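Chain by chain, the residues:
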Amino acid sequence: MLTRDTRDPATRPRLLLTLLALALLWPGIHFSELDLSVLVASDSQSEMGRFVAAFWPPAHGEEFIELLLRATLQTLAIATAGMALALLLAVPASLLASRALSLSAASRAGHPSYWGQLLRWPVRGLLIFLRSVPEIVWALLFVRAVGLGPTAGVLAIAITYSGMLGKVYAEIFESVDQRPAHALLQSGSSRLAAFCYGILPNVAAELLSYTVYRWECAIRASVVMGFVGAGGLGQQMDLSLRMFAGGEVASLLLTFLVLVLLADQLSRLLRWRLA
Amino acid sequence: MNRLINLALLLCIGAAVVASFSYLGIDLGELGDTGNLHHMGAYAQRFLSPDLSAGHLQAIGHGALETIAMSALGTLLAAVLGLLLALPAAGRFGWPLQSASRLVLNALRAVPELVWAALMVLAAGLGPNAGTLALALHTTGVLGRLFAEALENTPPEPADAIRLQGGNAVWAFCYGTLPNLLPQLLAYILYRWENNIRMASVLGFVGAGGLGQMLYVSLSLFQEAQASTVILAMLLLVLAVDTLSSWSRQRWVKA
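Chains A and B are the protein sequences, given in the same order.
Numbering (this note's numbering) for the first sequence: 1000 to 1274.
Numbering (this note's numbering) for the second sequence: 27 to 281.
None of these hints come from the bench; they were simulated from the model.
Mixed in with the good hints, there may be bad ones.
Claimed, not checked - Coverage of chain A stretches by chain B, computed from C-beta distances (three or more under 8 angstroms per stretch; other residues unrestricted):
# : stretch
1 : 1128–1134
2 : 1147–1161
3 : 1215–1224
4 : 1244–1256
As the list claims (entries may be wrong) - With a Cα cut of at most 25 angstroms, we get these calculated SDA-like pairs of lysine to any residue:
#  : chain 1 : residue 1 : chain 2 : residue 2
5  : A       : Lys1166   : B       : Arg275
6  : A       : Lys1166   : B       : Leu262
7  : A       : Lys1166   : B       : Leu216
8  : A       : Lys1166   : B       : Val43
9  : A       : Lys1166   : B       : Ile39
10 : A       : Lys1166   : B       : Tyr217
11 : A       : Lys1166   : B       : Ser272
12 : A       : Lys1166   : A       : Pro1091
13 : A       : Lys1166   : A       : Tyr1113
14 : A       : Lys1166   : B       : Trp273
15 : A       : Lys1166   : B       : Val264
16 : A       : Lys1166   : A       : Phe1194
17 : A       : Lys1166   : A       : Arg1107
Keep in mind the model is a prediction, meaning the values are calculated, not measured.
All residues carry an ideal CB built from backbone N, CA and C; glycine is no exception.
Work out the full structure, taking the sequences as your base and the hints as a guide.
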């Protein structure tokens, strides 16, 4: 006969797991110097309160609006120019790294020969290196190498995004039906022709939508890149924060919001239109 | 007609690219100038001999642990706060609270982590505490929204059954809704944690602790050898997280 269990049979393992997690996280509290009380401490609260109180009204002097407009345009231009440069590197790299254009794979049921794979590794490694260093670190390095200003931001986006685009493009090429390209390769066409007529028609829509999505990400990245001096809205934000100009910070935050929302909408429109 | 519109769009994109380059005044020819390349090459060369002395490696180990702790605690705080905000955002307590909590979540999410970090450095002082709070705030926005969507999509029947048997709302949630929800919540939390480790390593640029702060300081002091070790450490951290997450995904999620 079934009897009612008065306690939850899963209590003990759950309790033990929670205790284990707490024991693991305990040193983390020490390392991260976590201290929530600073948020309610009276002196930092009054400090923060004064700063936040200055948020209203957002700065809207004619001069500042002009500055804001220029910074916004700069941000957009950094993202677009960076993407254009990234594509210049990403497209050849993805062609080199992708197994889809392997001659040996065409006659070996899709498995490239040992040498073919070995030769692709340096390109793959380069792409991994390019995308594994965060873009803002590249920006910080380029600010030192080419000076303050948008050029550093453009180069940083170009480098990181060429790594990401190259890898994803290569994977997209491999993900579609390989038979048209293999047929072309085996009947003696060049690799480029096999790519253009055997693979590109199948992947064009996906390539476009991914590229537009990355452009949207580039805008978000270029917004914060200014914190290390790479131009755009972030640089203005850094300046306003250092001057404790609450109103300016508020306008900048609002501009961030509008820009990200607009980029989101525009990228949705482009993807719907082109894909 | 359709082709014409697409062609016009492509032309617009091309024009936008050209306009961007001319607006920023970037001269690629000048950038590729031999003198300039020489200068950049000389700068890059100074990174080629990373400082691998024991003292520096120890400092980097500490920085890396700080980064991991920041991301883990930030994500944990965000998961708790996100779940608390997701309940009203999923419409459990009526529409006024729903739209209010959605507004809060959107605002938290819209401000990038780095901006939160800059604000938190003002509020909580320099150091990893500011970074943890910044990560927690932004991630609360992201996780709250994801949790709210997951909550809306779970089947209500188990919870309803418990309510009809006379269990109160808390028990109905804990034993009727949560068991269905938990795997998805955990997947989201782990995914955000992965993102946050990456983010935590750069939050230090605005003074919020971790590896980023070490990199910023050593670059400002023109100690390229030390900086290059920090970059290597960041690279290792990111690669390790990538490998671990793809391995665990294959191991746990697919099954």
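Hint check results:
1. 1128–1134: holds (count 4)
2. 1147–1161: holds (count 3)
3. 1215–1224: Per the Cβ count (3), the hint holds.
4. 1244–1256: holds (count 3)
5. A:Lys1166 x B:Arg275: Holds: Lys1166 (chain A) and Arg275 (chain B) sit about 20 angstroms apart, inside 25 angstroms.
6. A:Lys1166 x B:Leu262: At roughly 19 angstroms apart (the allowed maximum being 25 angstroms), Leu262 (chain B) and Lys1166 (chain A) satisfy the hint.
7. A:Lys1166 x B:Leu216: 23 angstroms, holds
8. A:Lys1166 x B:Val43: Given pair Lys1166 (chain A), Val43 (chain B) holds - Cα atoms ~23 angstroms apart, limit 25 angstroms.
9. A:Lys1166 x B:Ile39: Between Lys1166 (chain A) and Ile39 (chain B) the Cα gap is close to 23 angstroms, so the pair holds against 25 angstroms.
10. A:Lys1166 x B:Tyr217: The hint holds at about 20 angstroms.
11. A:Lys1166 x B:Ser272: 16 angstroms, holds
12. A:Lys1166 x A:Pro1091: 11 angstroms, holds
13. A:Lys1166 x A:Tyr1113: 20 angstroms, holds
14. A:Lys1166 x B:Trp273: Given pair Lys1166 (chain A), Trp273 (chain B) holds - Cα atoms ~19 angstroms apart, limit 25 angstroms.
15. A:Lys1166 x B:Val264: 16 angstroms, holds
16. A:Lys1166 x A:Phe1194: 17 angstroms, holds
17. A:Lys1166 x A:Arg1107: Distance of about 24 angstroms is within 25 angstroms: holds.
Violated hints for the displayed structure: none, as all numbered hints are satisfied.
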